[in-house]
Amino acid sequence: MLVKVKSIANRGIQTLGVDVEINVSSGGLPGLEIVGLPDKSVAESRDRVRTAFQNCGLKLPGRKIMINLAPADINKEGSFYDLPIAAGLISASLNISLPDDALFFGELSFDGSLRHTKGSFLLSLYAKENGYSRVFVPSSCAKEAASVNGIFVYAVENLSSLVEHLGGRRIISPSPVVHLQKNPKIFLIKIYQEMKIWTSEKLLAKST
Amino acid sequence: MDIGEIIGQEYVKRALEICAAGGHNLIMVGPPGSGKTMLAKALVSILPDLSEEESIEVTKIYSLVGKIPPNCGLLRKRPFRNPHHTISYAGMIGGGSNPLPGEITLAHRGVLFMDEFSEFTRPVLESLRQPLESGKITVSRSRCSVDFPSKFMLIASSNPCPCGHYGDPKKECTCSENKIRNYQAKLSGPILDRIDLHVNVLPVDKNRLFSSNRSVEINSKYILDRVLKAHEIQSKRFEGEGIFFNCDMSNSQIEKYCNLKSDSKKLLLQAVEKFSLSTRAYFKIMKVARTIADINGENDVEADHIAEAVQYRSKIFLQ
Chain A
1 MLVKVKSIAN RGIQTLGVDV EINVSSGGLP GLEIVGLPDK SVAESRDRVR
51 TAFQNCGLKL PGRKIMINLA PADINKEGSF YDLPIAAGLI SASLNISLPD
101 DALFFGELSF DGSLRHTKGS FLLSLYAKEN GYSRVFVPSS CAKEAASVNG
151 IFVYAVENLS SLVEHLGGRR IISPSPVVHL QKNPKIFLIK IYQEMKIWTS
201 EKLLAKST
Chain B
209 MDIGEIIGQE YVKRALEICA AGGHNLIMVG PPGSGKTMLA KALVSILPDL
259 SEEESIEVTK IYSLVGKIPP NCGLLRKRPF RNPHHTISYA GMIGGGSNPL
309 PGEITLAHRG VLFMDEFSEF TRPVLESLRQ PLESGKITVS RSRCSVDFPS
359 KFMLIASSNP CPCGHYGDPK KECTCSENKI RNYQAKLSGP ILDRIDLHVN
409 VLPVDKNRLF SSNRSVEINS KYILDRVLKA HEIQSKRFEG EGIFFNCDMS
459 NSQIEKYCNL KSDSKKLLLQ AVEKFSLSTR AYFKIMKVAR TIADINGEND
509 VEADHIAEAV QYRSKIFLQ
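Which chain is which? The protein sequence lines are A and B, in order. Going by this note's numbering, the residue at position 18 of the first sequence is 18; the numbering climbs one at a time, nothing skipped. Going by this note's numbering, the residue at position 251 of the second sequence is 459; the numbering climbs one at a time, nothing skipped.
Calculated directly from the structure, the hints in this document are not laboratory data. As the structure is a computational prediction, the values presented were derived from the model and not from experiment. Be aware that a few hints might be false.
[What the hints assert, rightly or not] Taking lysine to any residue and the SDA-like style, the derived pairs with C-alpha atoms no more than 25 Å apart in a straight line are: (1) A:Lys40 <-> B:Val273; (2) B:Lys344 <-> A:Ile13; (3) A:Lys118 <-> B:Lys394; (4) B:Lys344 <-> A:Leu16; (5) A:Lys118 <-> B:Cys352; (6) B:Lys275 <-> A:Arg115; (7) B:Lys344 <-> B:Pro357; (8) B:Lys268 <-> A:Pro38; (9) A:Lys118 <-> B:Lys429; (10) B:Lys268 <-> A:Gly27; (11) B:Lys268 <-> A:Asp101; (12) B:Lys394 <-> B:Thr294; (13) A:Lys118 <-> B:Glu261; (14) A:Lys4 <-> A:Gly57; (15) B:Lys268 <-> A:Arg115.
[Unchecked claim] Non-contacting residues of chain B with respect to chain A, defined by C-beta distances greater than 12 Å in every case (computed): (16) Ser263; (17) Phe288; (18) Ala298; (19) Arg402; (20) Asn408; (21) Glu440; (22) Glu463.
Ideal Cβ positions, reconstructed from N, Cα and C, are used throughout, including at glycine.
Could you build the full structure based on these sequences and the hints that come with them?
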């Protein structure tokens, strides 16, 4: 099973988009591996995510899991790939679909809570410039991320609350949008309708 | 700290006001204990907050290096960076295999205060040339090359000689001529030429320390109001030009916005000849004069604005 999660990479003050691809193979020895030029802090993400999953009572699929950070020719640095990897693994193991206009960003702690991570403002700016409407960030970064106009910022407290949100059990309400330039009402209504549809689909899927 | 707390030094306070209003660079030279560091720190209190556009630029940089505290949104205060003189080359201009910004980028749209300017190592000082001129720095490594913005206001302070008393009217300098020359040679011509205002800071008259007659009316709020007015004039003038302050004007913009009358032109040419100033210094004087006119709220650059601007180029202990 293949899941794609969107995140970013920083090069100087330029921000590039990164696809975090997670593949859970049907066979093979159980294990988790990251490729795509990760540096030490990204490679260690493997252990943080695995431990956080354990401590939150979540189970990783007992098969070979490969994670690719594409494009594979750019060095990836920083601890913020924990959340996109975790979100992808939740999606793959619990069979939940992720919103496709969202970016994920944040460092995981061993207990599953999210730590303050540098660079969330750059994430929101990138989201705005490239047509993403939602970002998922650690709650202590929410204010920094929300200072970009017109982006819905989901402040994630810990891994369990992310699972509940994605599963449609308890929705994290996005941080208030600062101010929007063009036709704010229509935009807001559109987003909330989408959110509602998405949530009800989730609930429906759960009940059936 | 309020600028009104500093006793005397009205001349330097005026220079700081001009810096704050037009984004100019300043070097203060004077004996130890004359208040150079205090004056520089008081500059923060007369700087207006960042505009929204500037704030986004600054927040971007601080977000990248993780210097935004938790639960904090856009940065509003102008950055004030005060690196120690033992700073490395990479620490100053930025570096690393995946380059990170250095002090000059962290001081973007704010103040870079370099205390003991002549104690910095030569490569660090010379590396300031490109950013001072173009407002950005290119950090090139084998893997990649990145541009960082670095439009900062340089405030430097230095002693005139190793003992610090060369040119002091009260105390005798004990340095040999050779020592003074070596000390001052650290500040190369090209660097000094790029600094708009040069001022001498003289020791405060001891009698004034105890007098109750301090200038209460010159406090930070009073100066800040005038700086704000000057900023307003400039933002109106440069609408659509892509710059914010007088210090960013290109030569063609100087021609356009600093229309000199014949008497001011004559005065400026005389000064350039007398002090054998470079062409760059000539344009810098025009920019400073423009700022002085803005502080006074005047449309044209008059002869007395030029005269004041020339003062800041002509007198320094440095030979």
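Requested in this report: Sort out which numbered hints this structure fails and list those numbers smallest first.
Outcome: Going through the list in order, the structure violates hints 3, 9, 10, 16 and respects the others.
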